[in-house]
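Next come the chains, spelled out residue by residue.
Number of protein chains: 4
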Amino acid sequence: MDDGGDLVTMLHQQRRDQLPEIIGGTEETTTGVIRLHSMEANGVLGYPIVAINNADTKHLFDNRYGTGQSALDGIIRATNVLIAGRSVVVCGYGMCGRGVASRAKGMGADVIVTEIDPTRALEAAMDGFRVMTGKEAATQGDIFITVTGNKHVLRPEHFEVMKDGAILANAGHFDIEIDLASLRDMAPDNREVRPEVREFALGGDRRIYALSDGRLVNLAAAEGHPASVMDMSFANQSLVCEWLVANAASLEKKVYEVPTEIDKDVARLKLETMGIRIDELTTDQKIYLESWEQGT
Amino acid sequence: MDDGGDLVTMLHQQRRDQLPEIIGGTEETTTGVIRLHSMEANGVLGYPIVAINNADTKHLFDNRYGTGQSALDGIIRATNVLIAGRSVVVCGYGMCGRGVASRAKGMGADVIVTEIDPTRALEAAMDGFRVMTGKEAATQGDIFITVTGNKHVLRPEHFEVMKDGAILANAGHFDIEIDLASLRDMAPDNREVRPEVREFALGGDRRIYALSDGRLVNLAAAEGHPASVMDMSFANQSLVCEWLVANAASLEKKVYEVPTEIDKDVARLKLETMGIRIDELTTDQKIYLESWEQGT
Amino acid sequence: MDDGGDLVTMLHQQRRDQLPEIIGGTEETTTGVIRLHSMEANGVLGYPIVAINNADTKHLFDNRYGTGQSALDGIIRATNVLIAGRSVVVCGYGMCGRGVASRAKGMGADVIVTEIDPTRALEAAMDGFRVMTGKEAATQGDIFITVTGNKHVLRPEHFEVMKDGAILANAGHFDIEIDLASLRDMAPDNREVRPEVREFALGGDRRIYALSDGRLVNLAAAEGHPASVMDMSFANQSLVCEWLVANAASLEKKVYEVPTEIDKDVARLKLETMGIRIDELTTDQKIYLESWEQGT
Amino acid sequence: MDDGGDLVTMLHQQRRDQLPEIIGGTEETTTGVIRLHSMEANGVLGYPIVAINNADTKHLFDNRYGTGQSALDGIIRATNVLIAGRSVVVCGYGMCGRGVASRAKGMGADVIVTEIDPTRALEAAMDGFRVMTGKEAATQGDIFITVTGNKHVLRPEHFEVMKDGAILANAGHFDIEIDLASLRDMAPDNREVRPEVREFALGGDRRIYALSDGRLVNLAAAEGHPASVMDMSFANQSLVCEWLVANAASLEKKVYEVPTEIDKDVARLKLETMGIRIDELTTDQKIYLESWEQGT
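Residue numbers (our numbering), protein chains in the order written: chain H, 987 to 1282; chain G, 987 to 1282; chain D, 987 to 1282; chain S, 987 to 1282.
Bound conformation, chain H alone:
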């Protein structure tokens, strides 16, 4: 079981001798899955891996509702700042980003979204958020949250124009979403002003505050995702391991999706624990959906 592709990278680079022993693997994150697809495309993947992250009951929930709550939780624990009335810039409008944007709005923020994908940018705009380039957003934000899985999303060109008091947090993946190395160069005399809060004094009386050294703020400054959302991710992990063993003989060295039956089973189980019952299609409705001869 991998989280972000670290184990996979180590196995393929430093422990290639062990690759043949492995029946299969699983990967928990968006970032890791992107990496695995790159490995598969390059023909270097050494064993079958299931993209847990792509299960609906994982990425639609853990990434959205989990990160949405815990990223803000981390920021509040680190700073005790009031979200209401502040401009919150969310970099990235994937599942994590829309979770964070939605929760920040729900707490009274004016939310700005930055994106590189035009479709997602449009969705953000239609969801009521302001959408603009990172450069423009840098001048308007009070709190910046990166949720991209990429690197240097906030970098010197942004630090240079941010307002005094700007707060930077990462809730995406590695600690390179914010280019802290450059920020340290810009303000060598930075200091910790509160646990998890480092102050960088820049020119012109501007101070910028980076949380948790750019590591995931929900893990570093809070307790990570609530159990009641991780339960679904882990149920997928567990059931997929069983499935990998049972189907080992027929699997190739590829990236597999979580089987739909497992994904739906997890959803059904979760609803049950929440005391929620839902409808079933009537026979009549099933026939209707499968037919193309019935109509108006």
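It is possible that part of the hints are untrue.
Note that identical chains are pooled: a pair holds if it fits in a single copy or bridges any two copies.
Dumping the calculated BS3-like pairs for lysine-lysine here, alpha-carbon to alpha-carbon at most 25 Å [unchecked claim]:
{"id": "1", "residue 1": "K1250", "residue 2": "K1121"}
{"id": "2", "residue 1": "K1272", "residue 2": "K1250"}
{"id": "3", "residue 1": "K1250", "residue 2": "K1240"}
{"id": "4", "residue 1": "K1272", "residue 2": "K1091"}
{"id": "5", "residue 1": "K1121", "residue 2": "K1149"}
{"id": "6", "residue 1": "K1121", "residue 2": "K1272"}
{"id": "7", "residue 1": "K1272", "residue 2": "K1240"}
{"id": "8", "residue 1": "K1240", "residue 2": "K1091"}
{"id": "9", "residue 1": "K1250", "residue 2": "K1091"}
No lab work stands behind these hints, which were simulated from the structure alone. These figures come from a predicted structure and were not determined experimentally.
Based on the hints, put chains G, D and S in the right spot on chain H.
For chains G, D and S alone, kept in the frame of chain H given last:
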């Protein structure tokens, strides 16, 4: 260009002689695409068809933001009822359903969602809506909106337990989502009390109001989707027609997706008309995303 | 019964002979009550008048939830414009303004508020809206809605910097909130492009659209407030008339508030019709609230 | 400076000899002000006191946005529970209650409100919340938050019907809003399962979790209100102290409101620190507002 598969059905049933003349077709709706896949699976599809509905710039926008606004618009025009403080039951949590649920909540309603898919039901619950069976919802709702693409989603077992004054509207597909035939049998002396509003007096002093005879309330009682969301759907239609002609030689009798380049082009164009500029990946970021050797 | 002080003005200016015949009056609107207080302060009020508008069951509901829904309803009926993704400028953050702002946000708009009162401006900011001067907002808005009760809230200095396609609507009081006379001077060749929509072509290829000639857009282009919110206002009107007659002997030529018993009765009655039951204080709790000797 | 009337009670009960030395006092909370009015009505108030809580820049902000965020913050820190998808019962819809309800909704909860005042109950319903008696809510809630300023809002009749796993938190005033003494009697073998979380095992395999022994959860389990909302409360405290000294000669032993000039000054100052500029009335508009002779 088809909308709901009516043209396709007519061509395949009554005008089979014309099938060979057709280069290709397009389909605008979720319901139509379900039908086309059924035809393809049955090996009866007579020409290549592009599922316009599946373009991100179509179904993520038209279905969600278009239907979200126009369904409520239709209900308000038909009834002039105050949404705030009322329980609104949304049957179906696809793109249309989440649009309607989100807008009803935004207007102050207590929103209840019914679903047959467990994953969607979970999403609805995590989005803050109450989720329950149609039977339970029937006793609590003030306004019911069907957005399923299926038939008889509201039927006698529901009518029998609804509150006095319940309002029924369809914003899904055909006029069979609400089983109005049965409702007419239950209350033969129904009468129009306002344009687009028909009152059905049931036993026990209960009256139920069906809007627009169960036809799409946004088309029948309002003006349909705003131009500023249909523009994206029609841009896809138009660009895909060009593409069909250009690629006619190599296309099979299958259901095709809208080519990604066209889909993204439509998004980019739309952002431009809204005056929104977004970021581009730096060279550094592109390399990072494609690599699996860089890491922590 | 007066609405906006028109009847009162006519009686005091043109029919002073009738003043002695009048037992008492009522006034429905914020604007009218401001006017009555001015008359009372000037010592010119000719009979006792009850400020219906000030009843909690009136101004907290009719102004907020009624105007909130019906103003947007009017704009949509007049233009069929999509609210999602648009910048909506709400001028004034009184009860009407917060209703309109809340509903526009609920429909997916980016909402900007302008105010002259610093406390209300702060509330708007903490509620997640952007707050700025009218001059700044004029350059950013797609739709402008005036809800101030004042005059010339939108005027040439704003028209001159608005974007092409800006839509202007009034949901406040008189048709002078938008200075249409000046707009007509700026674009004498204006024309109706749709019922209730007048286009003003300004220099530099900019066109501005004014709805319903600046009259109340919810009355002119839609059906006004829903019955289920006006019922509370009219219940106050009716019960206060009884009260005026019963107490005629002891009333002075002043502006009176709606008696609290009447106001609370209306609320209780309304809850009952909505099928909502609420708690009552226990004896223990009543004693606790009245006491200052009990404590930590 | 008093918070909840504790100092005042001690002075009037145990240190009456010091009363003559006191120029004046201030009171920070809703609960304290209720108490002071009761003392004034009973003729026992020993010195002039200003109700800081009643300043708009205090109770509209501190109580609403401060408590809204910090109560949920406290609950999340104590339990790390996911708010999305849960039913949150908010007891009381005063300024604190509407803050908590709004933020819980913003985090994806299904929010239920209980009230004793019919007007507030109606507002809650129109704001989209479900309103019911405490007894009904007790069977439906996952998380209960008391914000009433009263005692025993949650008591045995509620504990008896709550679901397994229900969480109880107080964000109102004293630690008697939840009748924990009775809960302890019902489950003598209660135990701490996490810091700030006490488990009470009741009959039928039901366990209830009370946070922070019923004390204010935002103070006990989190850091209290953010500085950026308390600044306004304390600005009022500080400026009112100056005012008390300056006006000592003319003040009576009564409860005074914060002078409007001070209240508005605090709002203006706060806007300035947020970088927000607002409009001023034009001369023309001032004349219009003061006039009753201008009209349609």
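> Failing hints, ascending?
Replying inline: 4, 8 and 9
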